[in-house]
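Kindly generate the complete structure, drawing on both the sequences and the hints.
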Amino acid sequence: MVKQLTYPDGFEGVNARWEERRDPLTAREGEGLPPLDCDLADLAARRMPDPAAPLVKPASSFGFKAHALAVELAGASKLAHLNALLIAHLRRRSWPDHAPALFCRIWAEHADHLIAELNARWLVSSLQTFADHGQTEAQRRTGATLGLLFSMMKLYEFERTFGGTDPAEPYRMGKRAKVPLPMEMDDFSLKSGGLDFNMLAPLWRDAGADPVTAPLACHLLEMLNGDNGTVFRRIQTMRERIARREERGT
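Per our numbering, the sequence shown runs over residues 1 to 250.
Because the hints were derived from the structure by calculation, they are not lab data. Please note that the accuracy of each hint is not assured.
Quick list of the computed label-pair ranges, beta carbon to beta carbon [claimed, not checked]:
id: 1; residue 1: ARG244; residue 2: LEU55; range: 26 to 32 angstroms
id: 2; residue 1: ASP196; residue 2: GLU159; range: 14 to 20 angstroms
id: 3; residue 1: GLU137; residue 2: PHE64; range: 22 to 28 angstroms
In silico DSBU-like links for lysine-lysine, alpha-carbon gap of 35 angstroms or less [as the list claims (entries may be wrong)]:
id: 4; residue 1: LYS57; residue 2: LYS191
id: 5; residue 1: LYS191; residue 2: LYS78
id: 6; residue 1: LYS78; residue 2: LYS154
id: 7; residue 1: LYS78; residue 2: LYS57
Remember, it's a predicted structure, so these values are computed and weren't measured experimentally. No residue lacks a Cβ here, since even glycine has one placed at the ideal position from N, Cα and C.
If you want it as structure tokens, here you go:
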């Protein structure tokens, strides 16, 4: 019997799909990133035009990306736009030589500004960028582990929406399907299982390990803790329900 694969072309196919969107951004004369020693405080104080200026065609790939980000970040600071442009560069196969250092400099000097200004999507994207371009092992580790956490959350929380249940509503206890977990994983005990604690505690510890990424990483974990629509909140709510039932003797 031929084994069915989730990805028929295996991980070579997965990698090929990933590479499709990694062509470097190319800029024309007069376009490109500012120098490493640019005035970041000035960029933080200045706003992007709202609406963005029309795109002049034909345009370079850098021009298209810069314009798309200007539309998305209309009214935001020019520093937020530069941060987004750097992320776009650093996700490609190659980038301007000074791009990693400029990205890290932004977060070393203006983390509070960007945390207050950016939505969760851009905060997560910023943190993920440290996985490959952080200047210390702690920055890279935090970017990689938390980036994976939030990527997996996006996948399973998106899939859950097709069940028609509000993200803040835990599943009912009596309706669990009697099936094994995939890959022969051991079952999880709602009453005594600590997988979520075992996962989150080291992430919180590592989040504070580097002064550059600590404000961003800790802020995102605090956002997770305060959101009532995550698997962590649902599991905790189910635990509390079990505890209340045991207290009542039912």
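Verify the CB-CB distance for GLU137 and PHE64 against the hinted window 22 to 28 angstroms. violated (35 angstroms)
Pair hint outcome, LYS191 versus LYS78 [Cα-Cα no greater than 35 angstroms]: violated (49 angstroms)
Hey, LYS57 versus LYS191, does the alpha-carbon distance stay inside 35 angstroms? violated (61 angstroms)
Quick check on a hinted range of 14 to 20 angstroms for ASP196 and GLU159, using CB atoms only. holds (19 angstroms)
Between ARG244 and LEU55, does the C-beta distance stay in 26 to 32 angstroms? About 58 angstroms separates the Cβ atoms of ARG244 and LEU55, which means 26 to 32 angstroms is violated.
What's the verdict on LYS78 and LYS154, does the C-alpha distance respect the 35 angstroms limit or exceed it? holds (28 angstroms)
Are LYS78 and LYS57 close enough, with their CA atoms no more than 35 angstroms apart? Within the cut-off at roughly 23 angstroms; holds.
In summary, the structure is inconsistent with hints 1, 3, 4, 5 from the numbered list given earlier, while agreeing with the others.
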